[in-house]
Amino acid sequence: MTVFPARALLAAGTTLLATAAGAQTTGMAQMLSMTGHCDRLRLGERDLTATCSAKLVKIINPNGRISVYFLLADSRAVSFSGMDDKDAAPDTDVMHLDKVFTTRLDTLDAPDAFPASGTCRFGNTMKGPMTIACEGTFTEGGTFSASFTTDGSPPT
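Residue numbers (mature numbering (1 follows the signal peptide of the UniProt record, and there is no 0)): -23 to -1, 1 to 133.
For the record, the hints were derived by calculation from the structure and aren't laboratory data. Mixed in with the good hints there might be a few duds.
[As the list claims (entries may be wrong)] Keeping only pairs whose Cα atoms sit at most 30 Å apart, straight-line, the calculated DSSO-like set for lysine-lysine is: (1) K104 with K63; (2) K63 with K32; (3) K32 with K104.
Given only the sequences and the hints, what does the whole structure look like? Please build it.
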């Protein structure tokens, strides 16, 4: 799997929101930026951990779809996207993944999408440091895993 450089996460994120939200007709998406440390980012055989930046972006749509963007130091981004589990425990959230996206410099309005299954689990970003951990498998084969620990500062 190839992950290409991208400079306009917002443009790609907007495209992903429009694509992922499809039937959304009311409400607005919420975008949160968090700082901390990328503990792990593996896509198939590629280990991108060393290129992770100290920032992570989480986009929450009114329809329950969540996308978590692992931003890389060289402007690349990897996003894990899926639906929120409404039955998660207080201060704990679970997202059921169905896609992994990678942004590309050459086609910002059409990020690469890889069907997948798995979960992301995370705590309440307003209650100090917490870890966002994603893992699963690609439909076409191979596994992925990612983990980011926030520094405890409130998201912006």
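Hint by hint, here is what the structure shows:
no., hint, in the structure
1, K104 with K63, "holds (20 Å)"
2, K63 with K32, "holds (26 Å)"
3, K32 with K104, "holds (18 Å)"
Of the hints listed earlier, there is not a single one the structure fails to meet.
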